[in-house]
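Top line first, the protein sequences correspond to chains A and B.
Take 1 as the starting number for the first sequence in the working numbering and just add one per residue.
Take 1 as the starting number for the second sequence in the working numbering and just add one per residue.
Note that these hints are calculated values from the structure, not bench results.
Mixed in with the good hints there might be a few duds.
[To be verified] Restricting the straight-line Cα-Cα distance to at most 30 Å, the calculated cross-link-like pairs of lysine-lysine (BS3-like) are:
#1 Lys23/A / Lys315/B
#2 Lys5/B / Lys152/A
#3 Lys152/B / Lys152/A
#4 Lys139/B / Lys139/A
#5 Lys152/B / Lys315/A
#6 Lys152/B / Lys139/B
#7 Lys23/A / Lys137/A
#8 Lys23/A / Lys5/A
#9 Lys210/B / Lys315/B
#10 Lys137/A / Lys23/B
#11 Lys137/A / Lys139/B
#12 Lys315/B / Lys5/A
#13 Lys139/B / Lys152/A
#14 Lys139/A / Lys152/B
#15 Lys23/A / Lys381/A
[Stated by the list, open to error] Over 10 Å on every C-beta distance to chain B, these chain A residues come out as not near it, computed from the model:
#16 Ser68
#17 Gly128
#18 Val157
#19 Val160
#20 Val167
#21 Glu185
#22 Asp360
#23 Thr388
[Stated by the list, open to error] Stretch by stretch, here's where chain A covers chain B in the computed footprint (C-beta under 8 Å, at least three residues):
#24 85-99
#25 286-296
Note that CB positions come from ideal geometry on N, CA and C, so glycine has one too.
What follows is the residue order along each chain.
2 protein chains.
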Amino acid sequence: MAIAKGPQAFPRAEYLRRLTLVKAEMARREVDALVVTSSANITYLTGNLTRMFSIHALVVSARDEEPSLIVRGLDFAGTFHHTFMARDSIVAYSDVYVGRADRNGFDAVIDFLHERGHANRGVGLELGYLTALAAEKFKARLPDARLVDCTKAVDWVRLVKSDLEIVVMREASAIVDAAIMRASEVIRPGVREADAAAEIVATQVRGDGKGPRATGVLPLLLCASPRTGVSHILWSEDVFRPDSQINIELSGNRYGYMAAIMRTFSIGAPPDRLRRLHEAEVAGLDAALEVVRPGRTCSDVVSAFYRTIEKMGFKKETRCGYAIGIDWVEPTASLQVGDMTELKPNMTFHLMLGNWVDEDFGYVLSETFRVAETGVEVLTKAPRELFTL
Amino acid sequence: MAIAKGPQAFPRAEYLRRLTLVKAEMARREVDALVVTSSANITYLTGNLTRMFSIHALVVSARDEEPSLIVRGLDFAGTFHHTFMARDSIVAYSDVYVGRADRNGFDAVIDFLHERGHANRGVGLELGYLTALAAEKFKARLPDARLVDCTKAVDWVRLVKSDLEIVVMREASAIVDAAIMRASEVIRPGVREADAAAEIVATQVRGDGKGPRATGVLPLLLCASPRTGVSHILWSEDVFRPDSQINIELSGNRYGYMAAIMRTFSIGAPPDRLRRLHEAEVAGLDAALEVVRPGRTCSDVVSAFYRTIEKMGFKKETRCGYAIGIDWVEPTASLQVGDMTELKPNMTFHLMLGNWVDEDFGYVLSETFRVAETGVEVLTKAPRELFTL
């Protein structure tokens, strides 16, 4: 029997709206077909949530309302279940393209472009995401096409969310709030980091147990003393010690949309240096959020942060975050000095103020926020505390 | 203060052994420097477990004992903490390479190759993993180098594990066994899929709570009725229903090394079709494992499986798995008809017998195994049952 469509995060009209924006960009670049290979961009344009471990691509044709998703046969049912698209918009290739040296799934994608008459027209590729070998295959097997690099073409469209997407981002934010509060309950001296992590990750899946559950989970980053100067590692098998510090960064996932948060925890009274850094960072966070509104730039926002903490005797060497959405980091607007991207309503950012001062000392604080019509909406709601346990 | 080395999964000698094998392969391909960008290959050659969200690369030089890891400054402390390497073998680049259109971290990697005298020699790249734009940058900025595609050069070395790696694979397998048994406890009619998933994922982190904990976690694949014909999706927000079926695939992670398992669960007595398919698959699994020993091929193993289930009235359209190790699927030996890779002691595989018969009906069963000196060692130990709940 045929599988039915699963619950859809968005109505068909929302996907068609996104596709219209992408097709306008394609027209500007004079491509008739855009081959999308970024997993996040495919989710954005189709609703797909199936984890594909085999080669696949979405082909957006300027002349068709729906795009076509070329997938390994194994992934047909899952992608049909998740996406807004009709059955015949999903094109399954057989396992003769799998695990072979002489051909792979990109041959199925290129065959499709030939069949649909794109082989001698402008074809867009995401050369910043596609591997070099795959790009060579497109060049070799589409000698008469005009191949155009369209890296980030879809990503820039994704930057401004619809109101429907913001609803989903709020749900993702509620999950991270629940998880960070769970961390404040389970981190205790003598508990193994991994065992606390198990409870926190479970909350990243379950949320608060009453509201929306997560649609996926990424492992949490948990950097405990003496590793608080480290940014991106997971829990260890050590036990939490008295008079130690824990930095946590975690995410919530709702239909692929991510919110993120960072908070710092102190077992025992925080040392003076940590307490002063926390105060400076909270002041910097407030100052940065104060600047957020349409018409301001990314650079404006972070400059307010840097100015504030410098006045209070601190500095931070790294950037202050990035646009956030499907699969976490969006590779477009960057919260750093010199990024002149103008803020628009419904852009969403992870204002990431992790400050790794020394190799063995750092502090973290962040919020996920939306640019609102006249200011800012902070989506993450957990207290902006240095949690003392 | 300087951060100390963390617990190391392997002694220095183990990494030097791996590097010797890779350098022999480099000599064969006449490259003086190999630029490794696959995350799994970097973990294999260094022990790194830091999650790097910024551009980074490992440069293996034929003339140096240790390789050099080029990372964003933010990731210096984490990569030094995790890897076997000396401080000066980790080269940090500053945030001026981050979030910019005109340059990125690969410029820092290419600068390093120039500084170390590799710019007019043979330089190996993993063109099957590197993006097309990154490869173009290497070509443009290393005009006098002879660039050689070395995709899978390190992966083929990884295929045969050392005894030390097998110890770690056994620990990863114990974690998956604990998680699959936890699934058999928490899946009950009326429970929300996501809430059961939360418990299972927690066990994927905690293991059995006594033995080794996980070093990471990937979300579990949980395909419940009416989605058992789907291979690669996560839990939903539905509740488990009486007289329904659940297919689970999950992994355990130990220092980056993965074991995997699949089992099928029936709430209520399994329908006849499911029971018969289970019997055929278990017989096919036994037959395949019976064939495993050094000197046999991947093709031999799976042929025994296909012959057995066909005699029992079933077939399976997809391949039967792949080599498994760091980050799950290894892109080398494939358990499919026609793959003539000869089995050698300490190769490890995920014998993956998921059989998605119809769009709305499938069954899953798998084991992680090691090729032993005279036969097979099955690393996953959970009962080969159709769990009836």
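Unmet hints by their number, sorted upward, for this structure
1, 2, 5, 9, 15, 17, 22, 25
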